[in-house]
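Given the sequences, and given the hints that come with them, work out the whole structure.
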Amino acid sequence: MAPLLAQYLSWNTARLIALILNALNGIENYYEQHLSELNVDGLFGLRVIQGQLKSISTDLEGSNLDRELMNALYNLSGRANEIAGKAIPYVIERDPSYYQQFRYLLNRPYTVKHSIQRSDERLRWLDKELVSRRFGIDEERTMWFDEKQSD
1 MAPLLAQYLS
11 WNTARLIALI
21 LNALNGIENY
31 YEQHLSELNV
41 DGLFGLRVIQ
51 GQLKSISTDL
61 EGSNLDRELM
71 NALYNLSGRA
81 NEIAGKAIPY
91 VIERDPSYYQ
101 QFRYLLNRPY
111 TVKHSIQRSD
121 ERLRWLDKEL
131 VSRRFGIDEE
141 RTMWFDEKQS
151 D
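Last residue of the sequence shown? That's 151 in full-length UniProt numbering, and every number before it is there in order.
Accuracy of the hints is not assured; some may be wrong.
[What the hints assert, rightly or not] In silico EDC-like links for lysine to aspartate or glutamate, alpha-carbon gap of 16 angstroms or less:
(1) 86 / 37
(2) 86 / 32
(3) 113 / 59
(4) 54 / 82
(5) 86 / 28
[Stated by the list, open to error] Cβ-Cβ distance ranges computed for the label pairs, FRET-style:
(6) 74 / 13: 17 to 23 angstroms
(7) 67 / 94: 36 to 42 angstroms
(8) 12 / 105: 30 to 36 angstroms
(9) 13 / 35: 29 to 35 angstroms
(10) 97 / 23: 15 to 21 angstroms
(11) 117 / 41: 22 to 28 angstroms
(12) 120 / 96: 23 to 29 angstroms
(13) 89 / 11: 17 to 23 angstroms
(14) 68 / 117: 23 to 29 angstroms
(15) 117 / 75: 22 to 28 angstroms
Simulated from the structure, these hints should not be mistaken for laboratory data.
Think of the CB as a built atom: it goes at the ideal place given N, C-alpha and C, for glycine as much as any other residue.
Here's what the structure looks like:
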């Protein structure tokens, strides 16, 4: 029997999964190289990556899903945990009171349970691109929101 990835996923779906996993890998690489600059939001992002991938792995455990994909989920989740653990001292040093406010969320995987929805790759970044084009905004110089707005 063919692995689930090959048997049930369309080429577009498999491609989208690969793009998402590649993006998560890039985020982890960046965070690992900039540990001392990581803030509470970045640390929380790592915990979301860790928790969501762990949750997906658990949900798919025992399925006929391609082993390579399962390994990628496990590895990215584990790596997010390792990087988060290394970043905690820097985050505490940077802003101890802010860290204390959110320490419960920052010291464990964070999982959001939602029902499964289809992803439409055509919608990727559409709103941001439309605003940029319409108003002539320079993408490289634009910060869409800051730390205060994100809280």
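These are the hints, each one checked on the structure:
1. 86 / 37: holds, 12 angstroms
2. 86 / 32: holds, 9 angstroms
3. 113 / 59: holds, 11 angstroms
4. 54 / 82: holds, 14 angstroms
5. 86 / 28: Holds. Residue 86 to residue 28 sits at ~12 angstroms (cutoff 16 angstroms).
6. 74 / 13: 17 to 23 angstroms: holds, 20 angstroms
7. 67 / 94: 36 to 42 angstroms: holds, 40 angstroms
8. 12 / 105: 30 to 36 angstroms: Given range 30 to 36 angstroms: holds, Cβ gap about 34 angstroms.
9. 13 / 35: 29 to 35 angstroms: holds, 34 angstroms
10. 97 / 23: 15 to 21 angstroms: violated, 32 angstroms
11. 117 / 41: 22 to 28 angstroms: Between residue 117 and residue 41, where Cβ atoms are some 24 angstroms apart, the hint holds.
12. 120 / 96: 23 to 29 angstroms: The hint (23 to 29 angstroms, Cβ to Cβ) is violated, given that residue 120 and residue 96 are roughly 42 angstroms apart.
13. 89 / 11: 17 to 23 angstroms: At roughly 44 angstroms between Cβ atoms, residue 11 and residue 89 fall outside 17 to 23 angstroms, so the hint is violated.
14. 68 / 117: 23 to 29 angstroms: With a Cβ separation near 24 angstroms, residue 68 and residue 117 satisfy 23 to 29 angstroms, so the hint holds.
15. 117 / 75: 22 to 28 angstroms: holds, 25 angstroms
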